[in-house]
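Asks: Given next are the chains, with one letter for each unit.
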Amino acid sequence: MSFGGVPDTGGRITAALERVEHEWFVPRDTMPELRIEPRNLHAALAALRDEAQFETVTFITCIDHHPEEPRYEVIWQLNSVTHADRVRITARVSSENASVPTCIDLWPGAAFSERECYDMFGVRFDGHEGLKRLLMPDGYGHHPLRKDFPHQGIQPDRLYREWDRERRREWETEEAR
Amino acid sequence: MGSLVPADVAAESGFFATRTEALINWGRKNSLWPMPLGLSCCGIELMAMIGPKFDISRFGAEAARFSPRQCDLLIVAGTLTWKMAQACRTIYDQMPDPKWVIAMGVCSSTGGMYDSYAVVQGVDSILPVDVYVPGCPPRPDAVIDAMLKLQKRIEREHPLRRITRGPQAHAQETGSGRLDHQPNAGHELTHLDRHPHDPQHMREEAGVR
Ligand code: SF4
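Chains as they are written, first to last, in the working numbering: chain X, 1 to 177; chain L, 1 to 209.
A hint or two may mislead.
Stated by the list, open to error - Calculated lysine-lysine pairs in the DSS-like style (CA-CA distance at most 30 Å, straight line):
{"#": "1", "chain 1": "X", "residue 1": "K147", "chain 2": "X", "residue 2": "K132"}
{"#": "2", "chain 1": "L", "residue 1": "K152", "chain 2": "L", "residue 2": "K53"}
{"#": "3", "chain 1": "L", "residue 1": "K152", "chain 2": "L", "residue 2": "K83"}
{"#": "4", "chain 1": "X", "residue 1": "K132", "chain 2": "L", "residue 2": "K53"}
{"#": "5", "chain 1": "L", "residue 1": "K149", "chain 2": "X", "residue 2": "K147"}
Claimed, not checked - So these bits of chain X aren't anywhere near chain L, every CB distance computed over 10 Å:
{"#": "6", "residue": "G10"}
{"#": "7", "residue": "E21"}
{"#": "8", "residue": "E23"}
{"#": "9", "residue": "W24"}
{"#": "10", "residue": "R39"}
{"#": "11", "residue": "I104"}
{"#": "12", "residue": "M136"}
{"#": "13", "residue": "D164"}
Said to hold, decoys possible - Covered, in the sense of this in silico footprint (three residues per stretch, anywhere, with C-beta under 8 Å from a C-beta of chain X), are these stretches of chain L:
{"#": "14", "segment": "20 to 28"}
{"#": "15", "segment": "32 to 40"}
{"#": "16", "segment": "68 to 77"}
In short, the hints are calculated from the structure, not lab data.
Glycine is no exception: its CB is placed at the ideal position from the N, C-alpha and C atoms.
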C-alpha cells in the first residue's frame, strides 16, 4: 500500500511486465505511459491487472493520426484502487488491419467502451462477440470521429428511409395475406 | 363551446340538437391523451407542464400514458437522434387514429443547434407534425398554447368524412396528410439526397473518379 507516500508505479509495472515486450513512452503529462505492440496487448493487460493491481479500466479510446501510418492509436487508461495510481497503455494500429484484442474477459465493463470505440473509429476488437454500433444506427457506413469524416457530417436518413420502406413492404404483405 | 350547446335551449328543454361532427370534435379536443416522449432537456419542461403548477388537466389533457396504444397526442420533447428515430416512428404508428403530434422545442422542430450527423433535422422528416413550438426549451405555457391551437384545429376537422368518403379524400380536403402520410413513399434516391459534404458526392461534383 502506498497511500501517503509516492507510489512506485514504474517499478511495479516493470515487475509485472517482466515477460512482456513493452516500451516506456515519453509521457504527455505526469501519467506513466507504455507503448505495446498489438500482439502483446492481451498478455500485458492481464499482467497489469493481476500482478500490478490495476483493477479497473477507466476508459478505452482512440486517436486518429490521419494521414500518418500506422493511423490509429488505441488507448487504455487503467486505474489501481489499491495503490491509487494510473497508467496509460497505447497501441498503434494501421488502417489496413485496424484491430486489437478485446479485454472484456479481464474487465467485463470494458464492453461499452470497446463498442463506442468501434462505432466512432472503426477499430475492431478481436474476440468481442457483440461488437456492434453503440451510438449510431446499425448499418451506418461511416465512423464519425475519423479525421476524414466530413466536418458537417453525413446524415443517416437514407438508412432510415430503407428501414421505413422495408417496414411498409412487410405491412403490405401482411395485409395481402 | 361555440355553437355546440345553445345554452338557453338546453336549459329549457333538457336536450339539444347539434351536428355529430361537432360533438365528436368537442369530445376529442377536450380529452387529449398525451404520449410524452421526453428525449432530453425539453422533457423537464414537459413534466412541469403536466404537474400542478401549470396543470394541463385544466384543458382535459392530464392523462399522460406511457403506452402509445392509449394515447392520441404525441409530444416529441427533445433532441431526436437517428438511432431513436426508428423507435419514435414505431411509437407514432402504434398510436390509434385519430392522432396528433406536437413538436416541442427547436430540436424537434428543426434540429435546433444540433446540426449534426447524429440528429434528425426536424421530426417532420419522419412524422407529420401539427403544431411546432419554438423555444429552447419552450416554457410550459408555450406548450399549453400549442395545445389550445391544436384544439382549435381539431374543432375544424371532419371526422365523419373519413368514413363516408375514405381517408384519401379526407386528407385532401382537410389538407392533412396525417392518415396516409408516407414521407418517403415512392421516393427514389437522387444525388440531392446526399449530404453536400459527403466525400463521394464531392468527388463526383468535381469530376474526380
Ligand atoms: S430545444 Fe433546447 S431545451 Fe429542448 S431539447 Fe433541444 S436543446 Fe434541449
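Asks: Does each hint hold? Answer for all of them.
Replies: Okay, the hints, checked on the actual structure:
no., hint, result
1, X:K147 - X:K132, "holds, 21 Å"
2, L:K152 - L:K53, "holds, 24 Å"
3, L:K152 - L:K83, "violated, 34 Å"
4, X:K132 - L:K53, "violated, 44 Å"
5, L:K149 - X:K147, "violated, 46 Å"
6, G10, "holds, 41 Å"
7, E21, "holds, 38 Å"
8, E23, "holds, 35 Å"
9, W24, "holds, 38 Å"
10, R39, "holds, 33 Å"
11, I104, "holds, 22 Å"
12, M136, "violated, 7 Å"
13, D164, "violated, 6 Å"
14, 20 to 28, "violated (count 0)"
15, 32 to 40, "violated (count 0)"
16, 68 to 77, "violated (count 0)"
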